[in-house]
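Chains as they are written, first to last, in the working numbering: chain D, 1 to 552; chain V, 1 to 170.
No lab work stands behind these hints, which were simulated from the structure alone.
Derived list of chain D stretches under chain V, where covered just means 3 residues or more per stretch with a C-beta under 8 Å from a C-beta of chain V:
| hint | region |
| --- | --- |
| 1 | 14-26 |
| 2 | 151-165 |
| 3 | 238-245 |
| 4 | 280-293 |
As the structure is a prediction and not an experimental result, all values here were calculated from the model.
Using N, Cα and C, we set each Cβ at its ideal position, and we do this for glycine too.
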Amino acid sequence: MYAYDELDRTIVNERVSEFRDQVARRLSGELTEDEFKSLRLMNGVYLQLHAYMLRIAIPYGTLSSAQLRRLAHVGRRYDRGYGHFTTRQNIQFHWIKLEQLPDALADLAEVGIHAMQTSGNCIRNITADQWAGVAPEEVDDPRIWAEILRQYATLHPEFSFLPRKFKFAITASRHDRAAIKVHDIGLRIHRNAEGEVGFEVLVGGGLGRTPFLAKTINSFVSHRDILSYCEAILRVYNQYGRRDNIYKARIKILVHELGIEKFKQEVEEEWAQMRDGALTLEESEIADIRSRFTYPKYETLSDTPDELTKAVAADRHFEAWYKNSVAPHKVPGYAIVTLSLKPEGGTPGDATADQMDAIADLAEKYSFGEIRVGHEQNLALPHVAKRDLPALWRALDKVGVATPNVNLVSDIICCPGLDYCSLSNARSIPIAQELTRRFANPDTANLIGRLHINISGCINACGHHHVGHIGILGVEKNGEEFYQITIGGRADEHAELGTLVGPAVPHEQVADVIEDIVEAYLALRQRPDELFVDVVKRLGVEPFKERVYATR
Amino acid sequence: MPLVKGNVIVTDEFTHLADDAELPADGAILVSAERFLAGPEAVLARQGKIGVIWPNNRDVEDLLPYLNRLAAVALVFPVFRDGRAYTQARLLRERYKFRGELRATGQVLRDQFVFMLRAGFDAFEVKKQSDAEAFATVAKRYSVFYQPTGDGRVTAFHRRLMHLSESVAS
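The whole structure should be built from the sequences, with the hints applied where relevant.
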């Protein structure tokens, strides 16, 4: 965990006081809604279909038990007793009153949580691999760098009014769990031939109306120069990014229109003028940030404890959960445990205040008081002793977060859709709920294997449908909800955008079509371990298209 | 529109000169970039201070040959969510060492003062009287800053290091 010091706390508190003044000026009419809009957005406040929505940052997805309890408190006191974890390592409350927002933010500030820059045309919450610091093969803890970037980005005097929103994601592992290729800037930490730690910098990725995968602008930027290099990119974007058309304002359009070579030239010219300036990171600065991340005092434990071996042999429910919810840890005897927020018939990513409190308690008991939030809208306990897994599983099951479906077909990523969102064209939650019911049988789900379904209720793609193995996009036609279906997308180190299978289908047919696609996959795969997405890569969309549309 | 400089509301010494108005013999004037660039030497040759209103979509490098003879540069925020002038301001102050008045004009509200001060602005044509009156208070709203800019404020990082070295010394 990163420990805020007095200076970090001061900024958060000063921000709350500024926002309290802004809300008061809005309520008194001194600020027009148009003027207030940009200000509230930079504090994570949206005006949604039914009410104001508050989006709270969970930088690099790391939470303490005390912080999760405080989120539960906000859900209970100011909302309707639950919160929604999003694909951006944020949590949203959908039913909050404008007058109460400053108090809610003040309550959160006491535990070092804020809503700064979770919306608006600024640098958004910095996301990272949710297994940072515990993944066995990572080069460095990407949270150190995410925190350095978080501080750099917070209330940045030059980049708080960019042409559009700006998202960073960081990974330090070979297997990319941070989806860096679909961010404005993606950073991959690696070592060069001399063993120095640095970054591959990717730029111009993003989903939405015009999806692009990020392109590498520089394959190795020294860790000392990462802030100045990013500042050069941001400065070029702030000056030359389009502002005439909101749909063409993201950096991906600038990169696309200039071409990566020309864009790189602009950035490198800018960088040449500033690279050894005040943004150069000193080793003492990095060491200071690093020192404020504390790691658990792990014990020396057996990597194959009897408690675990016995439980796997004795209980097939436990075995099923263990197989897909528990991942290797870099310390022997420990494991990373994913908590599914995708129960059968549930809303993906939702957690009740009671669940949050219970998870906070379990994290204290079994995971050194630490919780992680991933972009798949699940939570994780990052430091669980393997001997405790059976006991933890029983406790998680009572809380309703032990559904054994992590990475399986019912582990669906889904935006709030038309039920909550004023941008949306179609419902997405009911589609997810129906699909989780269709694929509820764990034997079927295990037979299918790893398969990611992503659902977005509109073209803005909060559900990342383009990079779902199966992507479902809600569109509106003559007042009715239709859904476009894409296959073959993925968001990992082999990122791809999905391909449309065929014409959009009406709401009531979506689940049938998905079942058809899955059945086609089972018939087409060469081996049980050939993933759905690999079959699509091998055969293209045609055989799936035939299966889906032959009978319709 | 009230002008704030040095934390207080002041009388604007500059007169905005329309593009088709005759060049006055003396007195401080603000002219458009277009008019200025059409004949910079003629404008600069006269008595009195010259300021240029520079649009936010034009490279500030075009101004470099004249920068040391300008008393003021006014940068424009056509809507307050258009932040290009922040980059221009930092370039003028930090890269090109402009020491004259750097004025923020357009949709200037109290909520931008801190950002503007940090980017190097020192004069503010504020849209609302109440915001202009609140300037001194708002400018002090934040006491900690993360990023190094040319405004000379000590960053959180350097404060931490100073604190560390103090605690080592004591």
